[in-house]
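Student: Sequence:
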Amino acid sequence: KALSACVAHDSRRRSADFALATALVFAANGIKAYLFPSLRPTPELSFAIRTLGADTGVVVTASHNPPQYNGYKAYWNDGSQVVPPHDEGIIHRVQGVSSAASISKEKALAAGLLVMLDGAVDDAYVAMVKSRLLRPQLMAKAAATAKIVYTPLHGTGAMLLERIMGELGLKVMTVPEQREPDGEFPTVSFPNPEEPAALKLAIELGRKEKADVVMANDPDADRLGIAVPGKDDSYILVSGNQLGSLHLDYILHSLSELGRMPPKPYCIKTVVTTNLQAAIAEKYGVECRECLTGFKWIADLMRQFEAQGKDFIYATEESYGHLIEPEVRDKDGISAAALTAEMTLYWRSKGLSLLDRLEKLYQEFGYHEERGISKYFQGPQGMKIMSGIMDAYRAKQPIALGGIPVVSIRDIKTGFEWETGNPGKRSIDLPESDVLQWRLRDGTLVTVRPSGTEPKIKYYILCKTDVPAAGLEKAKAQTREKIQAIEADVRKVIG
21 KALSACVAHD
31 SRRRSADFAL
41 ATALVFAANG
51 IKAYLFPSLR
61 PTPELSFAIR
71 TLGADTGVVV
81 TASHNPPQYN
91 GYKAYWNDGS
101 QVVPPHDEGI
111 IHRVQGVSSA
121 ASISKEKALA
131 AGLLVMLDGA
141 VDDAYVAMVK
151 SRLLRPQLMA
161 KAAATAKIVY
171 TPLHGTGAML
181 LERIMGELGL
191 KVMTVPEQRE
201 PDGEFPTVSF
211 PNPEEPAALK
221 LAIELGRKEK
231 ADVVMANDPD
241 ADRLGIAVPG
251 KDDSYILVSG
261 NQLGSLHLDY
271 ILHSLSELGR
281 MPPKPYCIKT
291 VVTTNLQAAI
301 AEKYGVECRE
311 CLTGFKWIAD
321 LMRQFEAQGK
331 DFIYATEESY
341 GHLIEPEVRD
351 KDGISAAALT
361 AEMTLYWRSK
371 GLSLLDRLEK
381 LYQEFGYHEE
391 RGISKYFQGP
401 QGMKIMSGIM
411 DAYRAKQPIA
421 LGGIPVVSIR
431 DIKTGFEWET
441 GNPGKRSIDL
451 PESDVLQWRL
461 RDGTLVTVRP
471 SGTEPKIKYY
481 ILCKTDVPAA
491 GLEKAKAQTR
501 EKIQAIEADV
511 RKVIG
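Residue numbering for the sequence shown is 21 to 515, as defined by my numbering.
Treat the hints with care, as some may be off.
[As the list claims (entries may be wrong)] Lysine-lysine pairs mimicking BS3-like chemistry, simulated, CA-CA at most 30 angstroms apart:
1. Lys380 x Lys494
2. Lys380 x Lys228
3. Lys316 x Lys404
4. Lys404 x Lys494
5. Lys220 x Lys478
6. Lys416 x Lys433
7. Lys404 x Lys416
8. Lys251 x Lys228
9. Lys445 x Lys370
10. Lys380 x Lys220
11. Lys494 x Lys445
12. Lys284 x Lys251
13. Lys316 x Lys478
14. Lys478 x Lys494
15. Lys220 x Lys230
16. Lys404 x Lys478
17. Lys150 x Lys404
18. Lys512 x Lys370
19. Lys496 x Lys404
20. Lys380 x Lys476
21. Lys478 x Lys416
22. Lys395 x Lys512
23. Lys370 x Lys496
24. Lys395 x Lys478
25. Lys370 x Lys395
26. Lys433 x Lys220
27. Lys433 x Lys445
In case anyone wonders, no lab produced these hints; they're calculated from the structure.
Let's have the full structure, built from the sequences with the hints guiding it.
Tutor: In structure tokens:
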């Protein structure tokens with residue numbers, strides 16, 4: 021069949037121009053380009069590729085980066101970002117290009133090589149998200165009293181999220197100063213829902229309205245961050261690990277309660293995402309698989325499991341990426357926001373806040389807390405320094421971190437793991453990546469890896485403490501002491 025591509029863009033400077041230029045390069049090379057007429061969330065681009073049967077796709081976006089950036093995400097025919105060997109194949113071809121063919125927009129339209137999409141893909145995406153919710157009737161039922169505050173952070177999210185929630189009978193309160201798309205992001209310095217400052221206006225509105233939950237998408241609406249009411253008129257930020265755990269718990273609790281658990285259920289988390297999710301999955305007899313950091317690896321596993329007839333339940337990574345539906349093969353902040361609203365209203369109907377439910381999970385599975393540590397190494401020597409740190413670890417593995425003995429080591433670069441008391445190595449089923457992991461005697465997991473996108477080395481501490489008779493607050497204090505001791509050992513290496 022003739023080749024085709026889908027092209028979308030976000031709200032950044034000249035994103036629309038870059039998207040049209042991209043579509044016209046496809047058209048000039050005889051590849052039919054389906055172009056969204058205005059900005060759209062990144063997850064809808066993934067959905068469109070699958071819905072239209074396209075061979076590839078591009079979204080012009082720099083996601084949650086500051087306004088001076090723009091970028092380009094490339095997708096394969098299953099709606100996932102490209103993974104080896106296709107990424108290397110594309111770069112190899114790019115390096116051989118000396119000029120690009122061109123065609124005018126008018127000629128491309130006349131030849132049928134440029135197709136401006138109408139609202140049909142939007143309609144299909146909205147219907148799909150609504151179909152993936154577990155108790156959509158809750159929205160209309162709670163409409164009179166529910167208060168949901170939302171911000172798209174000047175990006176693409178408001179159009180579709182407001183429509184989805186409205187069709188379910190619930191009006192969201194969108195932060196007015198941040199509702200309209202604006203690539204200058206005038207009200208935030210960094211439009212990233214992982215950053216507390218990005219939710220400042222939304223939390224202010226939430227406090228004023230006494231909102232049940234405050235939600236924020238990043239500008240291309242693939243990430244979701246939330247805040248929930250605490251004590252004394254405060255709002256507590258919920259981490260990506262915590263929200264992923266709440267999602268998985270709610271989905272599995274609901275599928276079980278409603279008698280809708282599929283025969284071969286599985287969920288996916290990355291190797292640096294909280295192990296609380298593995299414990300929740302085990303309770304329901306659901307397979308929990310791990311993959312490398314990045315949603316392209318989650319989508320790669322989904323492709324494999326789909327071929328094996330397994331049933332997708334949920335996927336997440338600690339950096340605020342969540343996916344509730346197999347119709348999209350990238351993180352989806354729109355569907356995640358819709359599910360979060362439903363989940364909030366469900367637990368509210370049981371007399372619980374999201375924080376209450378999280379504490380119940382800690383009581384059942386142990387207290388889990390995570391901390392990330394990063395150190396930048398700029399300049400031409402930066403990569404060399406980071407490689408030296410990783411080489412030094414491999415030459416002499418730590419025997420303890422924070423005073424807690426290391427009991428097992430996993431080296432994803434060499435593809436092996438082993439117990440410290442047993443030199444026999446086992447192979448691991450993960451693609452090669454420069455990642456080292458140490459499991460400590462108390463179940464804590466410490467990971468180190470150089471960033472794939474920035475000149476920095478990253479550590480992830482996933483700490484777990486069983487809740488003693490003295491209670492949850494005691495477990496929290498013990499956990500934070502352990503994390504501080506582990507961080508002190510890390511700082512001795514990186515400064």
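Student: Please go over all the hints and tell whether each is borne out by the structure.
Tutor: Structure-based check of each hint:
{"no.": "1", "hint": "Lys380 x Lys494", "verdict": "holds, 15 angstroms"}
{"no.": "2", "hint": "Lys380 x Lys228", "verdict": "holds, 28 angstroms"}
{"no.": "3", "hint": "Lys316 x Lys404", "verdict": "holds, 27 angstroms"}
{"no.": "4", "hint": "Lys404 x Lys494", "verdict": "violated, 42 angstroms"}
{"no.": "5", "hint": "Lys220 x Lys478", "verdict": "holds, 27 angstroms"}
{"no.": "6", "hint": "Lys416 x Lys433", "verdict": "holds, 16 angstroms"}
{"no.": "7", "hint": "Lys404 x Lys416", "verdict": "holds, 18 angstroms"}
{"no.": "8", "hint": "Lys251 x Lys228", "verdict": "holds, 15 angstroms"}
{"no.": "9", "hint": "Lys445 x Lys370", "verdict": "violated, 48 angstroms"}
{"no.": "10", "hint": "Lys380 x Lys220", "verdict": "holds, 28 angstroms"}
{"no.": "11", "hint": "Lys494 x Lys445", "verdict": "violated, 37 angstroms"}
{"no.": "12", "hint": "Lys284 x Lys251", "verdict": "violated, 41 angstroms"}
{"no.": "13", "hint": "Lys316 x Lys478", "verdict": "holds, 19 angstroms"}
{"no.": "14", "hint": "Lys478 x Lys494", "verdict": "holds, 29 angstroms"}
{"no.": "15", "hint": "Lys220 x Lys230", "verdict": "holds, 15 angstroms"}
{"no.": "16", "hint": "Lys404 x Lys478", "verdict": "holds, 15 angstroms"}
{"no.": "17", "hint": "Lys150 x Lys404", "verdict": "violated, 49 angstroms"}
{"no.": "18", "hint": "Lys512 x Lys370", "verdict": "violated, 48 angstroms"}
{"no.": "19", "hint": "Lys496 x Lys404", "verdict": "violated, 38 angstroms"}
{"no.": "20", "hint": "Lys380 x Lys476", "verdict": "violated, 36 angstroms"}
{"no.": "21", "hint": "Lys478 x Lys416", "verdict": "holds, 19 angstroms"}
{"no.": "22", "hint": "Lys395 x Lys512", "verdict": "holds, 12 angstroms"}
{"no.": "23", "hint": "Lys370 x Lys496", "verdict": "holds, 26 angstroms"}
{"no.": "24", "hint": "Lys395 x Lys478", "verdict": "holds, 7 angstroms"}
{"no.": "25", "hint": "Lys370 x Lys395", "verdict": "violated, 43 angstroms"}
{"no.": "26", "hint": "Lys433 x Lys220", "verdict": "violated, 40 angstroms"}
{"no.": "27", "hint": "Lys433 x Lys445", "verdict": "holds, 14 angstroms"}
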